[in-house]
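Following the hints, put chain R in place on chain B, whose structure we already have.
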Amino acid sequence: MAKLRIEDVTLRFLPKGGKPVTALDRISLDVAEEEFSVIVGPSGCGKSSLLRLVAGLIEPSAGMISLDGKVVTRPGRDRGMVFQSYTLFPWLTVQDNVEFGLKLGGMALAERKRIAKRYIEQVGLDGFEKSYPKQLSGGMMQRVALARALANDPEILLMDEPFGALDSQTRSLMQELLLNIWEQSHKTVLFITHDIDEAILLGDRVHVMTARPGRIKEVVEIDIARPRKVDVLTSTEFIAIKRRIMALIHDEAVRAMG
Amino acid sequence: MRPFLEAYTAPKKEIPRRVYLTVSALVGISIFAFWSVLSYGELVRPDFLPKPIEVVQAAISGYEDGSLIVNTGVSLTEIMAGFVLASIFAVPLGILMGSFKIVEAAVEPVANFMRYIPVSALIPLLILWVGIDIEEKIAVIFLGTFFQQLILIADVSRAVSHDLLDVSYTLGADRRTVVTRVLIPATMPGVVDTLRVTLGWAWTYLVVAELVAANQGLGYFILNSMRGLFTDQIFLGIMVIGLLGLITDQLFKLLRDRLMPWASES
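Chains B and R, in that order, are what the protein sequence lines are. The numbering used here puts the first residue of the first sequence at 125, with every later residue one more than the last. The numbering used here puts the first residue of the second sequence at 65, with every later residue one more than the last.
Since the hints were derived computationally from the structure, they do not count as laboratory data. Just so you know, not all the hints are guaranteed correct.
As the list claims (entries may be wrong) - For lysine-lysine, the following BS3-like pairs were computed, each having C-alpha atoms within a straight-line distance of at most 30 Å:
#, chain 1, residue 1, chain 2, residue 2
1, R, K115, B, K254
2, R, K76, B, K143
3, B, K311, B, K353
4, B, K143, B, K366
5, B, K127, R, K77
6, B, K237, B, K254
7, B, K143, B, K227
8, B, K127, B, K366
9, B, K311, B, K194
10, B, K143, B, K127
11, B, K258, B, K237
12, B, K140, R, K77
13, B, K311, B, K127
14, B, K258, R, K77
15, B, K258, R, K115
16, B, K227, B, K127
17, B, K194, B, K366
18, B, K143, B, K353
Stated by the list, open to error - Computed, partial: chain R to chain B, Cβ under 8 Å:
#, residue
19, S103
20, L107
21, V231
22, W265
On a predicted model such as this, the values are computed, not experimentally measured, just so you know. We treat Cβ as the ideally placed atom computed from N, Cα and C, and that holds for glycine.
Isolated chain B (complex conformation) (with noise of 0.2 Å):
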C-alpha cells in the first residue's frame, strides 16, 4: 500500500483580474513507504504547488491527498518540509531552531536536547549550536533547516528545491550529505527539483510534469545501485536515463515557449 497516495488532484486558481488558470490537473500518484520520489519539471508546471497541497497548507480544487490512509486537510507534523527560501527563525540559535517543532509538541527539556543534538551531528554542524541564522552560510542554513525537519520526526519529508539558492559545489555538497542521511533512515520523501541530475541521483523514482496544466507525464525508475556518490553522475546508466529525461523535458518547455 502506498505511504502518500495522491488521487486525481486539481488545482484551480483565479488570478486578480484574470481568467481561471488550471495550474495542475488531475495529477495521481503514489510514494511508497522508505521511498526517495522526485518530481522534475519546467519551471511554472506547478510542482510547488503540488508539494505544498501535500503540506495542506493549500487545498485542492478537486481530488484527494492522503498519508497512511489519512486524507489531508490541514498542515501537520507528520509532513516536513525544507523550503527553497531560508526559513530559519533568525531570532532563535541554531540549537533552539531544531528544537522548534519539538518544543512545540510538549517535549521535555533533555529529550529535546538530545535530539536535536543527533541531528545537528548528522548534518555536520557540531560547534555551532549557540550560532544565530545570520552567522551562517546559505548552505549551513539548509543543513539546519533540514535538521530542524527531520528532529520532528515525520512521516513524509517534503522538500521544495532546497539547494536551488545554492552555488553549485555547496549544492552537490548538500545531495551528497542527504544521500548520506537518507541511507541512515529510509525516511520518505518528496523532492521537487526542476535539475535533472539532481532528481536522477536522488531519487528511487522520478515523476517528470509536463508544463501547465501540470499533469503526469511519465515515471522513470532509477535502478542506479545505492549507496550512490555524486561520480555516478558519469556513468553510463546514468546517462542513459538523462537522456530519457532530457528528451520528455525538452518537448515540454517547448511547448511552454510556445
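Showing chain R alone in chain B's frame:
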C-alpha cells in the same frame, strides 16, 4: 591630496575608524568656530546671535533658578506619556493589521485618512476640547505618532515572509502559536526601528503644540525667550531639544543591539 582622494572617494567603501572620527570632529569644531567668529567678531548683531559663553551662562542660570529643569521635565513627561500611549495601541494593532486582512479592512482606510492630516491642523480643535494643559500636549503627540506608527508597523508585519509562517505550520504550530511564537518575534526589530523614527517626529509635534499655546515646556521656554529677545536662551532651548533627541535615539539603538543581537542591521 591625490592618494587621499583615491582612498576615500570610492562609493560604499569602508574607511578607517580614525579617519571617520577625525572628519566628524573637524566638522563639529568648524561649525563652532564659525559661530565664534560671527559672534565674538560682532559680524552679526549680538541680540540676533549670542556668544557661546552666553549660552553656557544661560544654562547655568536656567539650572539655578529651576526654569530649565522644570520646562525640560514638563516636555519630557508630555512626550513620554503621549509616545508610550500611542505605542501601546499602535504596536499590537499594526502587527494585526499587516497580517490579518480583516483588521486591515477595518483600520487602514481610517488610518490613511488620519495620517495625511498634519497634526498641527488639529491643535485648535484640541485646545477647544481639552484645554492648553499637559493633556492637550499628550493628545497632540498621540494623534501625531499613533497613525504613523500604525502604518509603518503594519508594513513591518506584512513583510514577514509567508514561508516562515508556513514552515511553522509544518513543524506543528497552530494559528495561535504562529502569531505568538513566529509573527510577533519576527516583527520586533522593525517595531523598534519604527519607534525610534517616530520618537524623533514626536519631538516636532510637541514643540509645535507648545509654541501654539502653553505655559510650560521647552517650546514655551523658547517662545517666551523670543519675546524678551533673549537669543541665548533660545539657543539653549534648541540645544536641549537636540541633545535629548540624540540621547533617546542612542538609547533605542542600544536597546536594539542588546535585546536583538540576532537581527540584521537596520
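These are the hints, each one checked on the structure:
1. The suggested pairing of K115/R with K254/B is violated, with an alpha-carbon distance near 56 Å, which exceeds 30 Å.
2. For the hint pairing K76/R with K143/B, the CA-to-CA distance comes to about 46 Å; that exceeds 30 Å, so the pair is violated.
3. About 18 Å separates the Cα atoms of K311/B and K353/B, which keeps this hinted pair within 30 Å; it holds.
4. Proposed proximity of K143/B and K366/B is contradicted: the alpha carbons are some 36 Å apart, above 30 Å.
5. Restraint check for K127/B and K77/R: the C-alpha separation of about 56 Å exceeds 30 Å, so the hint is violated.
6. Between K237/B and K254/B, the direct Cα distance comes to roughly 13 Å. Compliance with the 30 Å bound is thereby established for this hinted pair.
7. Distance hint between K143/B and K227/B is unfulfilled; the C-alpha atoms sit about 44 Å from each other, more than 30 Å.
8. A distance of roughly 27 Å separates the Cα atoms of K127/B and K366/B; the hinted pair therefore holds under the 30 Å criterion.
9. Taken as a hint, the K311/B and K194/B pair is honoured in the structure, with Cα atoms around 19 Å apart against an allowance of 30 Å.
10. Between the alpha carbons of K143/B and K127/B the distance comes to roughly 36 Å, so the proposed pair goes past 30 Å and is violated.
11. Taking the CA atoms of K258/B and K237/B, the gap is about 22 Å. The hint holds against a cut of 30 Å.
12. Taken as a hint, the K140/B and K77/R pair is broken in the structure, with Cα atoms around 44 Å apart against an allowance of 30 Å.
13. Simply put, K311/B and K127/B have alpha-carbon atoms about 11 Å apart, close enough for the 30 Å limit, and the pair holds.
14. Restraint check for K258/B and K77/R: satisfied, since their Cα atoms lie roughly 22 Å apart, inside the 30 Å limit.
15. The hinted pair formed by K258/B and K115/R fails the criterion: a straight-line CA distance of about 50 Å is larger than 30 Å.
16. Between K227/B and K127/B the alpha-carbon distance is near 27 Å, which keeps this suggested pair within the 30 Å criterion.
17. For the hint pairing K194/B with K366/B, the CA-to-CA distance comes to about 35 Å; that exceeds 30 Å, so the pair is violated.
18. Simply put, K143/B and K353/B have alpha-carbon atoms about 46 Å apart, too far for the 30 Å limit, and the pair is violated.
19. A least Cβ separation of about 49 Å between S103/R and chain B goes past the 8 Å threshold, and the interface hint is therefore violated.
20. Annotation: L107/R was flagged as interfacial toward chain B, and the flag is violated, the nearest CB pair being 53 Å apart, outside 8 Å.
21. Given hint, V231/R at the interface with chain B, holds; its Cβ is 4 Å from that chain's nearest Cβ, closer than 8 Å.
22. The beta carbon of W265/R comes no nearer than 27 Å to any beta carbon in chain B, farther than 8 Å, and the hint placing it at the interface is violated.
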